[in-house]
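Novice: Sequence:
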Amino acid sequence: MKKSMFRDESGDVPGWVLISLMTAGLVVVMWSFAGPALQGVFQQAMNRVVSF
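Converting from the sequence shown to the working numbering requires adding 88 to each position, the first position being numbered 1.
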């Protein structure tokens, strides 16, 4: 009975692969939008620490 269950999914991409690819895609998209803002925040914080 278990063999037939695995045989039905042999041609499908496993769900965890799709979730991993979609998560990686979301991270890349969010990083491209938020990257410059995060860099500015980091630089401002470092300047405050150095001048303290």
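If you're looking for bench data, these hints aren't it; they were derived computationally from the structure. A virtual CB, placed ideally from N, CA and C, is assigned to each residue, including glycine. A portion of the hints provided could be inaccurate.
[Stated by the list, open to error] Derived DEER-like restraints, expressed as beta-carbon distance ranges: (1) Ser-139 - Asp-100: 30 to 38 angstroms; (2) Val-137 - Val-116: 23 to 31 angstroms; (3) Gly-103 - Val-137: 40 to 48 angstroms.
Novice: Tell me, which hint numbers fail for this structure?
Specialist: Going through the list in order, the structure violates hint 1 alone and respects the others.
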